[in-house]
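Novice: So you can see what is in the structure, the chains are spelled out below.
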Amino acid sequence: MTSGSVALFAATFLASAVEMVEALTIVLAAGVTRGWRAALFGVAAALAALVALIVLLGPALMRIPIEILQLVVGALLLIFGLQWLRKAILRASGFKALHDEDAIYARTVAAARAAEHEVRAGLDWYGFTLCFKGVLLEGLEVVFIVVTFGAAQNQIGLAAAGALTALLVVLIVGVAIHRPLSRVPENLLKFCVGLLLTTFGTFWGAEGVGVAWPGGDIALLGLLALYTTAALVFVWALRRRRAALLTATIGGIK
Amino acid sequence: MIYLRRFAHFWYDFVVGDDWTIAAAVVVALVMTGVLTRAQLAGWWLLPTVVITFLGISLFQATRT
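Heads up: the protein sequence lines correspond to chains A and B, in order.
In terms of this note's numbering, the first sequence opens at residue 1 and continues consecutively.
In terms of this note's numbering, the second sequence opens at residue 1001 and continues consecutively.
Hints are computed from structural coordinates only; laboratory data are not their basis.
The structure displayed is predicted, hence computed values, not measured ones.
For each residue, glycine too, the CB sits at the ideal point set by N, CA and C.
There may be inaccurate statements among the hints.
As the list claims (entries may be wrong) - Each pair of labels, with its calculated beta carbon distance range:
1. I66/A x L1041/B: 19 to 25 Å
2. L98/A x R1064/B: 45 to 51 Å
3. V1028/B x H117/A: 50 to 56 Å
4. L98/A x F1007/B: 27 to 33 Å
5. L164/A x H1009/B: 39 to 45 Å
6. L1041/B x A97/A: 40 to 46 Å
7. V1027/B x W213/A: 18 to 24 Å
8. V6/A x L1041/B: 48 to 54 Å
9. I250/A x F1014/B: 25 to 31 Å
Claimed, not checked - So these bits of chain B aren't anywhere near chain A, every CB distance computed over 10 Å:
10. Y1003
11. R1005
12. F1007
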């Protein structure tokens, strides 16, 4: 297995794990309040839609000439990865609230208990649509990463395997403990995925416009080290900034 | 028409997110990197430099208060 394949599996596994943890919270809340039949049908319908997207888009992307594919996929992954990295840095530095799965679960349970009971096709419609939308929206980010990352490396199967492995792990743990997975270090995982997507997006995007990286594939390690260092420096600087702002605010109140 | 607009907005929000300037900087940097490469000059350094610079600017602008 090459280092690129390892990175591909890791990126899709981690991204999928984070999104499936968030989806699990929604599914648990729906299942507990509205019934498991509707919840599981919603999950199954969403997963079928997501698999269909991968099956349709994956081979279609493989037909695009490699230079154009690298440029477009590289640019998209870079922009998307920077979005994840930016939010992870803001959370790590305290400027953005961390994802609280327990709080989200409590809010979702409250909303589900208050919603009207409507039955369509023999299913509690609220429970079905809540799970369908929740899993579909969380899963779209995974599909995006699987299809783009996988197509650029001509390994969509491996990318999908990474995502599927994470889905199974989250499912097994979720069923075992029957609670939201609030102890999963979500922001750390998003930080890592953001770094991987930014690194590979930079590498492929530049190759797509004709750049020959010094050292070839080894440049990936250099880029990863550079972006990791920069991100950690940003977190450190923003934590100091936040402390200074809080001190100034408290001083102003006094 | 409303659905098309909502669809486009969803995908814009999905890929670009909160700060469009980062996406714009990436696109411009890729174009400039291509120009440098076509001129037989080393352009590999430009994109990482732009990425770190604009990420930093975006973070500091987002944390002004």
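Novice: Hint by hint, which ones does the structure fall short of?
Specialist: The structure breaks hints 2, 5, 8 and 9; every other hint is satisfied.
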